[in-house]
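S.K.: The primary structure of each chain is shown beneath.
There are 2 protein chains.
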Amino acid sequence: MKKCVILVSGGMDSVSLLHYAVNSLKVDEVYALSFDYGQKHSRELKEAKWNCDKLPQVKEHRVLDLHFMKEILQGSSSLVGDVIDVPDLENISDADLDQPITYVPNRNMMLLSLAASYAESRDCRQIFYGAQAQDEYGYWDCTVDFLDKMNQVMSLNRRKGVEILAPFVNKSKGEVVDIGFENGVDFAKTWTCYRGGEKPCKTCPSCVERELAFQKAGKLDPLIK
Amino acid sequence: MKKCVILVSGGMDSVSLLHYAVNSLKVDEVYALSFDYGQKHSRELKEAKWNCDKLPQVKEHRVLDLHFMKEILQGSSSLVGDVIDVPDLENISDADLDQPITYVPNRNMMLLSLAASYAESRDCRQIFYGAQAQDEYGYWDCTVDFLDKMNQVMSLNRRKGVEILAPFVNKSKGEVVDIGFENGVDFAKTWTCYRGGEKPCKTCPSCVERELAFQKAGKLDPLIK
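Keeping their order, the protein sequence lines are chains A and B. Numbering (the working numbering) for the first sequence: 30 to 254. Numbering (the working numbering) for the second sequence: 30 to 254.
Keep in mind the hints are simulated off the structure, nothing from the lab. Predicted model only: the values in this text are computed from it and were never measured. Heads up, a few of these hints could be off.
[Unchecked claim] For the chain B half of the interface with chain A, some residues (derived, Cβ under 10 Å), not all of them:
(1) 91
(2) 144
(3) 178
[Stated by the list, open to error] Just some of the chain A residues that point at chain B, by a computed CB distance under 7 Å:
(4) 66
(5) 89
(6) 92
(7) 93
(8) 94
(9) 134
(10) 139
(11) 146
(12) 171
(13) 179
(14) 180
(15) 187
Backbone N, C-alpha and C define an ideal beta-carbon position, used for all residues, glycine too.
The shape of chain A in the complex, shown without the other chains (with noise of 0.2 Å):
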């Protein structure tokens, strides 16, 4: 019996990381977590619940209420709150790359971390992640050097070690595209954009990798008509 924790946002990448663990890596059993902490694009969380109920894999999809993010963040991100509009990509100047103003402090770590205490309460040795190579332009908390220091942290559990799987983590985002389709998701049912309107902007960052992602692989975007 194979379990785990996996990470579902709803988007591009954590959607095709579901469908994979079930139907190529033959997980049996999924916990399935998702984070409402009043993002802008908060869609991507009916998008993370129409492909839980699909798949008899996963046992329990739980939403977890993180609304004192905006508490502790207070204007910090332009992904939380009124304070900060998400940027076009093409204002974010080079000397931003290395951290836009996209970047939640710390988010992925405080995610991780619930993810683990998550794992560690319905025995899962193993959390399921979508970070992907491309995410590492701009996020010091993407990269497989931060991984491995999550893991390490973990590993001194004294009973219950949870580790951190990242297995797209080396792969560009049109080879997750490729893995998506192969493994059967319906990319209609994912959400990218960052703002939060009724079609994708087109224009924010996430919306601009998602078209790259799709002309690297060949495919057609569905949500873009």
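Fit chain B to the known structure of chain A by using the hints.
M.R.: This is chain B only, laid out in the frame that chain A set:
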């Protein structure tokens, strides 16, 4: 200007740390953080607030609502929820001393991650944390090794790296009582008992440790009449 985040649970260690930081270490600006995670001993939060209100150096005191912890823990710790009772110390077997039932899976990594996000948002580079050597007997996430490895993760931050400091980690609980008295702590305004009663139960692991600490320091505990 010395500024920092301090984790203030309302227990004797964290309240002593708060006073020590302000009075001995001369920290001018404190961002205090407490957590409401449905702990049975939520009375500690009242004491945390009392102490933060008293000190003008505390610029902000946030109590984060972490009730989602009940959802992810589901009966895997005696400190949260109604499933498992808090045991008397004498009923914890030697085999369980490396991880008693009072252990909350991955709690400290969760709480410190939130604190680091808060620190980064408030432009603080240091988090003060009341981990203390005696806690080590049961909790992997109270050890020096744990803190070192957490700091290694956070040192990867490309801009505002945050460091966790635990000034009491090599002190005994008796020494912490001494430090508390030297720095003006009113121990009647700290709460330690894991059970949720009106008065300390005197038999749970934390009550027993508290009593021993006061004995070692040669002081009377104002909570015990």
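S.K.: None of the hints should be skipped; say for each whether it holds.
M.R.: How the hints compare with the structure:
no. : hint : verdict
1   : 91   : holds, 6 Å
2   : 144  : holds, 9 Å
3   : 178  : holds, 4 Å
4   : 66   : violated, 11 Å
5   : 89   : violated, 10 Å
6   : 92   : violated, 9 Å
7   : 93   : holds, 4 Å
8   : 94   : holds, 5 Å
9   : 134  : holds, 4 Å
10  : 139  : holds, 4 Å
11  : 146  : holds, 4 Å
12  : 171  : violated, 11 Å
13  : 179  : holds, 6 Å
14  : 180  : violated, 10 Å
15  : 187  : holds, 5 Å
Hint compliance for this structure: hints 4, 5, 6, 12, 14 are broken, all remaining hints hold.
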